[in-house]
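Visitor: Here is what each chain is made of, one letter per residue.
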Amino acid sequence: MRVFLALLLKEEKAIFTSPIAYVVITAFLVTMGYTFTLTLFVTHAPTLVHLFFQIYVLFLLTVPIITMRLVAEERRLRTLELLLSAPVTEVAVILAKYLASLSLVGAMLLFSGAYAVTLGIFGQPDWGPIVSGYLGLALLGSALVAVGLMTSSLVANQVVAALLSLSVFLLLWIVDQLGNFLPDPFNAFVVNLSLLVHFRPFATGSLFISDAGFFISVALLGLFLSVRALARR
Amino acid sequence: MPDIVVAEHLVKRYGPRLAVRDVSFVVAEGEVVGLLGPNGSGKSTILRMLTGYLPPSEGTVRVGELDVRKDSLAVRRRIGYVPEDSPLYEGMRVSEFLSFMGHIKGLFGRALSAAVATACEQLQLERVFKMPIGKLSHGYRQRVAIAQALLDAPRILILDEPTNGLDAYQVIGIRELLRSLAGQRTVILASHVLSEIAKITSRVMILANGRLLTADAAREGGSVPAVCLCVAGPAPAVSAVLRNVDGVTGATVEPTQDHDDVNRYRVEFLPGTLVTGLLASTVVAHGFGLLELVEEKPDLEQAFLNLTSKAANLA
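Here the protein sequences line up with chains P and E, keeping their order.
Take the first sequence: its letter number 81 is residue 1486 in our numbering, and every next letter is one higher.
Take the second sequence: its letter number 159 is residue 205 in our numbering, and every next letter is one higher.
None of these hints come from the bench; they were simulated from the model.
All of these numbers come straight from a predicted model, not from anything done at the bench.
Note that CB positions come from ideal geometry on N, CA and C, so glycine has one too.
Any given hint might turn out to be false.
Taking beta-carbon pairs under 10 Å as the criterion, some of the chain E residues facing chain P (in silico) [to be verified]:
(1) Val72
(2) Leu134
(3) Glu136
(4) Glu142
Computed spacing ranges between beta-carbons, pair by pair [claimed, not checked]:
(5) P:Thr1609 with E:Arg63: 49 to 57 Å
(6) E:His184 with P:Gly1525: 51 to 59 Å
(7) P:Thr1484 with E:Gly110: 52 to 60 Å
Calculated Cβ distances over 10 Å to all of chain E for the following chain P residues [to be verified]:
(8) Thr1422
(9) Ala1450
(10) Gly1533
(11) Pro1534
(12) Leu1575
(13) Phe1613
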């Protein structure tokens, strides 16, 4: 456990001493602030539904930037050789990188909580959809970080890793549109691969175990493939 | 000494390319062994397989009683490894890096502080202890890489081209350090610099095209063990006496310029026979004056050229 904590601490330091983290957080909060203010002035409704969809899109765009260097950089600089010839397991290395990246995503969500607090102070929001929206975003973030980590484990070039993640995310975003062109039962299968189809109920205040199960499954699959990619070397 | 590393029929394929072909060797505990070969001969791949970083495509590696594949973590606890070109975390300070490497090797608290202090003293890192690794010279980076490998006092130290890119003083420093470890630790080092490996190691293995050409270059490389003597006495009589000594395969005479009666002899003998003392006592017993006796060091360069050219011809 202490060895794992050492790995986690190393990853946390690497993330939070990098300018990328602060650029991503700043861009995220500026965009969120603009959307929140605009939506509130236009709708006069104490809801964060628009904000949640905005965060959904921003996650698709920023998670590749957060995860691109995780393994690709270690592979390029060959520090992976140093790390994996020490007595640590591939699972520990991947989990440490995953949790560290997830903590940055968590920090972004935490900061965006200021908007919910603002609504709570100045209005009477329905807290159910707000809680379910944040739960959905947390699950979405967990799945996206795992997929980003997986693509970073596959290549030694950070930019390629980011583009690969982005392509996978965009495909999983629009895949339900493609489902409409397919016959039964393929259409149902393809539609159910869509991130948006599973996120929408969370954002609007409906909780389904199947939606949570989808994000958890994607996260576990991403982590499993990351470990396999690391062990492949 | 018992064998601590046993590699049997190691094969490594990278796709269709064979990087290592059926390599087998043993290393005894406390030995300092060199792996010599041209660039691309498979040295680094073999070292990576010994550390468990790369799984062999075929064959096995045992470290002590442990199998590198099945007991990978336990094996890695016994090995300190310095990869080629010292890949390090550029953003970390030396102190941070050594602490991190100590942590992942299972060192904490006082044990960690003591290990870091010892490694820093051995590698003379005190001056750069708080500096970021990214700002260090190549020599210091190499020393930091060796320091991390020594942290948990591993039984086996594996170094890939440890003196690459170092200046003469740094090379001497690393050489002295590795020599001082002989007997306490088993050291396996790879290099393509023949002179360097000859100075550090007690045994040299030669590789070419992924094949192990010899597990002991001095013994099998074709260089003949020989002794040079300077003897006062009639040349035909001295030669006859020298040739009659058990194990001697030949003696050649070379007159010296200073004295008519003093000649230099080069005596070749069978590998594995120790004739130096016998030669000296025989010369003296026959009433000749023994002025000088020098044992010739095995010609590693010749052995390397012989073996690699044979391998090239076979290929």
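Visitor: For every hint, state whether the structure bears it out.
Guide: Evaluation of the provided hints:
Annotation: interface hint on Val72 (chain E) violated; nearest CB of chain P at approximately 21 Å, more than 10 Å. Because the closest C-beta pair between Leu134 (chain E) and chain P is about 7 Å apart, less than 10 Å, the hint holds. With 10 Å as the threshold, the beta carbon of Glu136 (chain E) comes within range of chain P, its nearest partner Cβ sitting at about 7 Å, so the hint holds. The beta carbon of Glu142 (chain E) is positioned within 10 Å of a beta carbon in chain P (closest approach about 8 Å), and the interface hint is therefore held.
Here the CB-CB span from Thr1609 (chain P) to Arg63 (chain E) is close to 55 Å, well matched to the stated 49 to 57 Å. A hinted range of 51 to 59 Å holds for the C-beta pair His184 (chain E) and Gly1525 (chain P), which are about 58 Å apart. Distance hint check: the CB atoms of Thr1484 (chain P) and Gly110 (chain E) are about 28 Å apart, inconsistent with the given range 52 to 60 Å. Taking the minimum C-beta to C-beta distance to chain E, about 7 Å, the non-interface status of Thr1422 (chain P) is violated against the 10 Å cut.
Here Ala1450 (chain P) stays apart from chain E, with its beta-carbon at least about 46 Å from theirs, past the 10 Å limit. Its beta-carbon lying about 44 Å from the closest one in chain E, Gly1533 (chain P) satisfies the requirement of being farther than 10 Å from that chain. With a cut of 10 Å on Cβ distances, Pro1534 (chain P) stays outside the contact zone with chain E, its closest approach being about 42 Å. No Cβ of chain E comes within 10 Å of the Cβ of Leu1575 (chain P); the nearest lies about 31 Å off, and the non-interface call holds.
A cut-off of 10 Å between C-beta atoms confirms that Phe1613 (chain P) is not in contact with chain E; the least separation is 41 Å.
Violated hints for the displayed structure, listed by number in ascending order: 1, 7, 8.
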